Each structure stands twice: as C-alpha cells, then as structure tokens.
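Chain by chain, the residues:
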Amino acid sequence: MKSFSLLTRGLTPLLGLLLFFVCWFAASRLYNPVILPSPVDVVQSALNVTADGQLWEHGRQSIIRGLTGFSLAVIVGVPLGLLIGLNPIAASLLRPMVVALQVIPLISWLLLAMIWIGFSKVPVFVVLVTTIPLIIINTIQGVRSIDKQLLQMACVFHIAKPRIFREIYLPQVLPYLFAGISTALGTTWKALAMSEFLSVHQGIGARMAVARINLETAELFAWTLILIVLGLLTDRLLPCLVTRKMSHWM
Amino acid sequence: MICNLIKFEHVNKTLGQTRVLNNFNMTADVGKILCIIGPSGCGKTTILQLLAGLEQADSGKITGTEAMRASYVFQEPRLLHWKTVAQNIDFVLNDVVALEQRQELVSEYLNLMGLHDYRNSYPKSLSGGMKQRLALCRAFAYPHDLLLLDEPFKSLDTPLRLGLVRQLSRMWQSAPRTIVLVTHNIMDALLLGHRILVLSARPTVILKEVLMELPLAQRNVAQEPLPSNHAQMLALLEAENTRAFPSLDNSGRFL
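So the sequences go chain by chain: D and Z.
For the first sequence, the residue numbers in my numbering are 1 to 250.
For the second sequence, the residue numbers in my numbering are 1 to 255.
Keep in mind that a hint or two might mislead.
Derived DSS-like pairs: lysine-lysine, alpha-carbon spacing no greater than 27 Å straight-line [what the hints assert, rightly or not]:
hint: 1; chain 1: Z; residue 1: K7; chain 2: Z; residue 2: K208
hint: 2; chain 1: Z; residue 1: K208; chain 2: Z; residue 2: K154
hint: 3; chain 1: D; residue 1: K190; chain 2: D; residue 2: K148
hint: 4; chain 1: Z; residue 1: K32; chain 2: D; residue 2: K148
hint: 5; chain 1: D; residue 1: K148; chain 2: Z; residue 2: K124
hint: 6; chain 1: Z; residue 1: K124; chain 2: Z; residue 2: K83
hint: 7; chain 1: Z; residue 1: K83; chain 2: D; residue 2: K148
hint: 8; chain 1: Z; residue 1: K154; chain 2: Z; residue 2: K83
hint: 9; chain 1: Z; residue 1: K83; chain 2: Z; residue 2: K61
hint: 10; chain 1: Z; residue 1: K83; chain 2: Z; residue 2: K7
hint: 11; chain 1: D; residue 1: K161; chain 2: Z; residue 2: K83
hint: 12; chain 1: Z; residue 1: K61; chain 2: Z; residue 2: K154
hint: 13; chain 1: D; residue 1: K148; chain 2: D; residue 2: K161
hint: 14; chain 1: Z; residue 1: K208; chain 2: D; residue 2: K161
hint: 15; chain 1: Z; residue 1: K32; chain 2: Z; residue 2: K61
Partner residues aside, some chain D positions facing chain Z, computed with beta carbon under 10 Å [to be verified]:
hint: 16; residue: T8
hint: 17; residue: L11
hint: 18; residue: T12
hint: 19; residue: S145
hint: 20; residue: I146
hint: 21; residue: L150
hint: 22; residue: M153
hint: 23; residue: A154
hint: 24; residue: C155
hint: 25; residue: R163
hint: 26; residue: D235
hint: 27; residue: P239
Read the hints as simulated data drawn from the structure, not as lab findings.
Values in this document were obtained by computation on a predicted structure and should not be read as measured data.
The beta-carbon is built from N, C-alpha and C at its ideal position, and this holds for glycine as well.
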C-alpha cells in the first residue's frame, strides 16, 4: 500500500505532464505552426538558440539584470521593512508609499523609467520597483509577529540591544523574509521579460520581441520555456539553501 | 546603606482600565523566601513585574530592589525555539559570565534539572514540563540577588514539583538570596516560604501574613506527615483562602 502510494505520488505529475504534451501535440496538428507550434518544434527551437549561443548571450544579460534588480530590492527593502516595522513614526510616514508602490501598474513604471533613466537601465529599475514592496511588506509582517514575551524576557536578563536584534528579532523575521524573497523571485522574471520586451535589444524579453515580429512562434515558446526553467530553478534553489538551516526555527 | 527589606508603600498600579493594585503595602525580607498566594487576577504577577522593573508603579514607592539583579521564571517558559537547550541558558549568561565559566555553569544546571541528555535538543522536542525546567535552569544559572518565580511549578507533576521545591530550598540554603514565589499551591508556599502572604481578589489586600521560622523543606521533612504546628498553619491558610476562593482541590490547588 505504501509502495503503491509512493509510486502514485511519483508517477502522477509525470502522467499529468505527458497528458499536457499529448493534448498540445494534438492541438498543434489542428492549427498553423505560426498560431500554435508543436512541442517538437519548440524543443527544436530551444536547442537551436542554445547551439547558436543566443541562450548564453541573452540569458546571461537577463540573469544579470534580474538578479541586480532583485538584490537591490533586498538590500534596500529589508532595512526599510525593519524600520517601518520597528518605528511607528516611520510606519505612518512610509507605509502609504509602500502601498502605492505595490499598486502602481507595471506599464506605468516602464514608461516612466524610459523617460527618467533611459532605455538600458529600465529592466533593472522595473525589477527593483516591482519586487521591493514584496520584500518590505514581508519584513514588516515578520517584525510585527515578534513574540513580545521574548523581548520582555530579554529585558529582565539585561540582554544588550544588538544581541536582542541579532538573536531575537532576526530569527523571527527571517522566515517571513524568505517567503517574501521567494515571491519576489517569481515576480522578477515576469517583470524582467516585460521590461526587456519593450525597452532593450538584448536579453530574453528582447529576443521574444524579435521572435514576435518575425512570427517565429516556436522561438517565442522556447524563450518562454527558458523563463519557466529559470523561475523554477531560482524558486527551488532558495528553499534548498535555507530550509535545512532554518527547519528548527519554524 | 544596606537595606534589609523590600517595601511596597502605598503602591497604585493600573493596567488598561483595571486598577490592579490600590494603595498596596507589602514587605519582603532580603535574603529570605516570600511566597504570595491569591486568586487569579489579584495582582500577583504585577507585583513580580514591578519588582523586576518590567512595570512602573503609577504612584507609591518600591524600595530595596535598586541594587539588585533580578532573575525571573515566567508563567510560560519563554524559550528561544531556534536555540538549543544549552544555548538558551548561555543566551542569558553571555554578557555577565566569563566564557570559560559559562559551559561549566550550563552543564551544572542542566544536570541539576535532569536535562543534560537534551543539551543539544531544540525546545520544540521537549515536553511542557521539560520546557518549564529549562526556564528554571536559565533563571537559576543567571547570577542574581533577587529570584522572581511566577507559578514556576504549575506544569509539573507532583513528584517532580516536590523534587524541584526541595532543590530550590537546597539552593537557597547553600546561597541564601531573596526569592519571591507566586503560587496557587499552598503546599509549595508552606514548603518554601519564610513569609507567606495570602492576597484577596481585587481590590488587592493582604488577607493573612504568616511568618515561618523555618520553612518545611528546610527541615527535610517534605516526605513526612506535617508536624502539628505546620498542619495548623495549613489549616489556617486554607481557612483564609476559603474567604477569597470558592474551594481547593485535594492537592491544595485552587479550583
């Protein structure tokens, strides 16, 4: 029974994936490849962009831009989140701005960034402004969830403030922060592709724009596939890095 | 000037909308064990928090604790779940005890509480009683002049509770320090207290104050039947408590 459930658990997702590809393949027979290319065409196209060096050239650009914008969001967002979470004055001053940042549409940021900072830096800027609210809000939630009784305990035993921050605040904020980072990483690749599509000539998004103009739908699918792999890789990599270290904290 | 008394003089304290202490007066002898018993919500924990400096009195004077370093066992264990058992004790010792003595002190108190085998475990894997023992370990290990205990034995079974009561008594005998114990258990108060205060429900007043020449545990008769004078004392305290509380269960706990 146990081995059956293990087998089921392992095989079911594969069967689901296989069913998806069969349906896709069947549907692609009914339509022109410009509308819906077959999975075989997409894989072929992905192999082509890998073989001719496009994947390395454009993928590298996108990864650098994406991780730069994301890292800046973490570097700026975490201290801001801590400040807002810990200081009521900072909270009433900055919280409305964070909410505004969160609701401003991506296209508004794109157009404004093109005017303000020029086309080349638009992807990094857009990734920064779309991911920073996620980091800030999760950090604030982490600070708000701090167990006040532990702070009282630390106060009785005269624990120095830097140690309270390091040994009581941080361990309780980190799980929330990593949840924010995970969500922000997912958003990073979406915002990056969109901004590269509209603003630059290098990068995955830019190649998608070229493929669209040339009606190379299979290549468009291939780049989308590469973005999905990139997103999955970063999404799986983060928990692997932190879960073992933090399992007893949560 | 060395003060031999901790005094609450006309202390008022309001928490939220509730006046917890109203013109409250109390005395505790420095270097002795004071036990406070009373119904829930009568202000026992507030008294400890005022002594620890976690709360400030709205008015009135609290004297005698100025030069004292307090250690505290809260009602809840208040452990850091991301630190191991040993690290939880080391956390409070870090700034006040030299590095070479810390490990020794941690091991000593873990042995004392029977937690040595769990020194590298995380609190999540401990039972409720073990967590409370760890909290006791932490408070005992911290260098202190004033030990504040807020129902420290409440989540422990009777044999363990009596064992810890005797342990606490032995610790006091080897190094007499001021201890203020808040409890619902009259036996704990009788076993440990040099002075026992029975508080009323709000407005909090001292219903009865009993001075014991020598607490039961220090006579090493904790396992034996109560001597007649202590049996009388227990009856007296129970009678006082009956005025404040509906009833007591067989183990002397308030229902």
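Each hint tested on the structure:
1. Z:K7 / Z:K208: 17 Å, holds
2. Z:K208 / Z:K154: 23 Å, holds
3. D:K190 / D:K148: The given pair, whose Cα atoms are some 38 Å apart, is violated under the 27 Å limit.
4. Z:K32 / D:K148: Not OK: K32 of chain Z and K148 of chain D at ~31 Å, beyond 27 Å, violated.
5. D:K148 / Z:K124: Given pair K148 of chain D, K124 of chain Z holds - Cα atoms ~19 Å apart, limit 27 Å.
6. Z:K124 / Z:K83: Distance ~10 Å between K124 of chain Z and K83 of chain Z Cα, so the pair holds.
7. Z:K83 / D:K148: Measuring from Cα to Cα gives roughly 17 Å; hence the hint holds.
8. Z:K154 / Z:K83: Measuring from Cα to Cα gives roughly 24 Å; hence the hint holds.
9. Z:K83 / Z:K61: 39 Å, violated
10. Z:K83 / Z:K7: 38 Å, violated
11. D:K161 / Z:K83: Judged against 27 Å, a Cα distance of about 18 Å means the pair holds.
12. Z:K61 / Z:K154: Violated, at roughly 31 Å.
13. D:K148 / D:K161: Judged against 27 Å, a Cα distance of about 14 Å means the pair holds.
14. Z:K208 / D:K161: 42 Å, violated
15. Z:K32 / Z:K61: 21 Å, holds
16. T8: 31 Å, violated
17. L11: 34 Å, violated
18. T12: With Cβ-Cβ at 32 Å, over 10 Å, it is violated.
19. S145: This interface hint is violated because 13 Å lies over the 10 Å limit.
20. I146: 12 Å, violated
21. L150: Status holds, d = 6 Å.
22. M153: 4 Å, holds
23. A154: 8 Å, holds
24. C155: At 7 Å from the nearest chain Z Cβ, C155 of chain D passes the 10 Å test, so the hint holds.
25. R163: At about 7 Å, which falls below the 10 Å cut-off, the nearest Cβ of chain Z leaves the hint on R163 of chain D intact, so it holds.
26. D235: Since chain Z brings no Cβ nearer than about 24 Å to D235 of chain D, farther than 10 Å, the hint is violated.
27. P239: 18 Å, violated
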